[in-house]
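There are 4 protein chains.
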Amino acid sequence: MKDFQLIVNFKTYDNATGNNALELAKIHEKVAQETGVGIAIAVQAVDLRHVAEEVSIPVLAQHFDFVRNGVHTGHVTAQALKDSGAYGTLLNHAERRIDLDDIEESVDLARQLGLFTIVCADTPYTGKAVAALNPHMVAVEPPELIGGDVSVCTANPQILMDAVAMIDNAPVVIGAGIKTKEDVAHAIKHGASAVLVASGVIRSMDPEQTLRELAQGVIEGQKGAVEHTL
Amino acid sequence: MKDFQLIVNFKTYDNATGNNALELAKIHEKVAQETGVGIAIAVQAVDLRHVAEEVSIPVLAQHFDFVRNGVHTGHVTAQALKDSGAYGTLLNHAERRIDLDDIEESVDLARQLGLFTIVCADTPYTGKAVAALNPHMVAVEPPELIGGDVSVCTANPQILMDAVAMIDNAPVVIGAGIKTKEDVAHAIKHGASAVLVASGVIRSMDPEQTLRELAQGVIEGQKGAVEHTL
Amino acid sequence: MKDFQLIVNFKTYDNATGNNALELAKIHEKVAQETGVGIAIAVQAVDLRHVAEEVSIPVLAQHFDFVRNGVHTGHVTAQALKDSGAYGTLLNHAERRIDLDDIEESVDLARQLGLFTIVCADTPYTGKAVAALNPHMVAVEPPELIGGDVSVCTANPQILMDAVAMIDNAPVVIGAGIKTKEDVAHAIKHGASAVLVASGVIRSMDPEQTLRELAQGVIEGQKGAVEHTL
Amino acid sequence: MKDFQLIVNFKTYDNATGNNALELAKIHEKVAQETGVGIAIAVQAVDLRHVAEEVSIPVLAQHFDFVRNGVHTGHVTAQALKDSGAYGTLLNHAERRIDLDDIEESVDLARQLGLFTIVCADTPYTGKAVAALNPHMVAVEPPELIGGDVSVCTANPQILMDAVAMIDNAPVVIGAGIKTKEDVAHAIKHGASAVLVASGVIRSMDPEQTLRELAQGVIEGQKGAVEHTL
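Residue numbers (the numbering used here), protein chains in the order written: chain A, 3 to 232; chain B, 3 to 232; chain C, 3 to 232; chain D, 3 to 232.
Chain A on its own, in the form it takes in the complex (with noise of 0.2 Å):
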């Protein structure tokens, strides 16, 4: 299993689309090369392919569809994705809801693919609620925070303190508004296994440079939870 503590949200914006994804997608590659912080990124299905096969960070998918082999249209499937060379996927983003069961059945079927589930909830009730389901990592992302100015680490740090003592079976990854390295010092230092961020990188005026302020806030959090540990 690759071990990762940033997970960039590529989105739909077209900056990240394509073969602007393509390009995005080497930018993170030498980031996480460059900083030994493990990066992971999540492209739209039709970008899937081409990322994956160009770059060795993990390439998740945003979402599938709980369809299987056979006649559903326009679906994007667990078997296309595993085919494509994706590492593993997001599923239920407050961007792309799906229901209860669905999620049982997608981290089901992606288990038995050996695709990696990341499932993203709102509150830490309800990752509680998704962490029944036994999915790899838990994402808390409170929905009015994220694109927004202000992070979930500042708007309400309690959040992070909650999901993780709430939610005792699966790894905790928060996100929502995250852009700063401060930001990702702080989740990581209190219990996040990973920071989930989008906008924060894909609209930033330098993306790399971003990026390697993120990954120093992970190097940062992580002697912090070090410290807090001894």
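Please keep in mind that the hints were generated in silico from the structure rather than gathered at the bench. Being a predicted model, the structure only gives us computed values, none of them experimental. Warning: the hint list may mix true and false statements.
What the hints assert, rightly or not - Simulated restraints, written as ranges between beta carbons of each label pair:
#, chain 1, residue 1, chain 2, residue 2, range
1, C, N17, D, E56, 22 to 28 Å
2, B, S206, C, G87, 53 to 59 Å
3, B, V152, D, E184, 40 to 46 Å
4, B, N71, C, D16, 33 to 39 Å
5, A, E36, B, G150, 54 to 60 Å
6, C, Q160, A, E55, 46 to 52 Å
7, B, Q114, A, D208, 29 to 35 Å
8, A, H138, D, D16, 43 to 49 Å
9, A, D16, D, E56, 57 to 63 Å
10, C, G87, B, N17, 52 to 58 Å
11, D, G87, C, G87, 16 to 22 Å
12, D, E36, C, D5, 47 to 53 Å
Glycine is no exception: its CB is placed at the ideal position from the N, C-alpha and C atoms.
For chain A, the structure is supplied; the task is to place chains B, C and D on it using the hints.
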């Protein structure tokens, strides 16, 4: 504008996904080249790019989500289709309905990007309805016959007649259960501009042979249509 | 068939729900009786029966689900509407879109049960599209103006002109942001058969007075239309 | 808080809609009074008020939409339920799934309004997940058995055992295919707080007689549970 009389929907069949999609696409290209009949294929989003890069026939998406540049996760954008080399897309397939306003906006957006649109409908009436939104083609497929053993041409030939009579501003595609040369010839002879097939080819024991027969149906139907006109 | 020129959508406003719905409905009935202008109201499903039992004006549902007798939970059936005494229903409101095939089937089912249907659409084009499915009325409401301060008549009077010109097989209703007598008079004068309002009445400080003014707008619009015709 | 051991879902059956719903509700009230077994019924939104006004047993909605006061059309609000006299509601039934965040918010809103919530789930795992959101009851119903001829108690008694073992913070309701006294007795004996039935009663030739038998099953199950405990 490329011309085609057969549209083959790969759906989410595992044998038409991933590397299988690519192999199958090459068979379609071969039959198109050898018979001179235009064949378009509609593949999963994940497979668009690598298929479109490798074959010269029109490669369609099965759907895209009407979301623009930005904060959407797990969606397939028109921009991603365009960037992948897709020729166009199906929209509103019976297995992936979208609402009427999204059809209107999706058709408009696709046109701006130079993507060809084939909007599906259940009946001649809904076919006429979507034709009001000016897609490139309108495909009428009674959903109760899709994937079945009896073709729309056999079960109810009046559907095609009505669709051709009622839809006067777009070429009409007919589909649902079409599997034989005779079905295709009948449809083309009676005014269909193209025929939409899926399981008839994808689940065939010998897709290449089946495709050749359907292509022969196109040729016979076109002769019939000419005689019909004379 | 009952005749009405004003349709007031109670939406889910708390002051138009439950016993409040009943009180408000009686005000509508009073204004209809005193002005001679036909007024229909559209209420929440839960309120249909007790409102329909108590007032003589047409009471509409805001939506029904296209499911039939049987194994569906949490849906509102056409049969339930009929049994409640509802006169008919809105369908496909911008806040409750249904897909095109469901519009077709819902309109057909409503007709079988003797329920009046007003199908909503965003634009003249989608209005023309739904008109192909033969509802009793087509309501065109640009969603970006719904609930806003600028009415469709002020913001873009061409929308009504286009809708009336393009939709030749059903009476046209116009709506979105309509709040004043002048808006209503303008709409009726230029070919609208009725006007669809919501917040303009429901959120008014004095709904009865507002309704009287809108009814006066109908009367003035009808005179204008007559003069226009002479 | 009212106590009940049988919950009968009227679904959208025509013979359980409108005036038929009222008649059927009175039969349920009669059996409840005569047997002393608590019976709750879940009716269509349109029927809530007139049924709740006429019977003394708890009347539940089958669903509500998580929208608040305001600009929503065609939705059923919690406020409307409350105003109608409903005791509470089912949520997330297999035939009306809502997403996890809506479950959380709907449960919270219902609690604020004093409405009782029974959240449905497919499996013990998803049952445990929804239990994290603190509804009043959790109902586990394997969807493949709903409406079928084999009850969950017969097909897989382990499901109830697992649900009772895994869900430790809410009473467990069990359902799917339950039609006989023996099924009910078994369920109650093995830890179910209540049993959810639908077609077993509604499609019965003699609903009153069937209800009496199911009520007898509750009584026998409770004795069995007592003996089991001793």
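Results for each hint:
{"no.": "1", "hint": "C:N17 - D:E56: 22 to 28 Å", "result": "27 Å, holds"}
{"no.": "2", "hint": "B:S206 - C:G87: 53 to 59 Å", "result": "55 Å, holds"}
{"no.": "3", "hint": "B:V152 - D:E184: 40 to 46 Å", "result": "44 Å, holds"}
{"no.": "4", "hint": "B:N71 - C:D16: 33 to 39 Å", "result": "37 Å, holds"}
{"no.": "5", "hint": "A:E36 - B:G150: 54 to 60 Å", "result": "57 Å, holds"}
{"no.": "6", "hint": "C:Q160 - A:E55: 46 to 52 Å", "result": "51 Å, holds"}
{"no.": "7", "hint": "B:Q114 - A:D208: 29 to 35 Å", "result": "30 Å, holds"}
{"no.": "8", "hint": "A:H138 - D:D16: 43 to 49 Å", "result": "47 Å, holds"}
{"no.": "9", "hint": "A:D16 - D:E56: 57 to 63 Å", "result": "59 Å, holds"}
{"no.": "10", "hint": "C:G87 - B:N17: 52 to 58 Å", "result": "55 Å, holds"}
{"no.": "11", "hint": "D:G87 - C:G87: 16 to 22 Å", "result": "19 Å, holds"}
{"no.": "12", "hint": "D:E36 - C:D5: 47 to 53 Å", "result": "51 Å, holds"}
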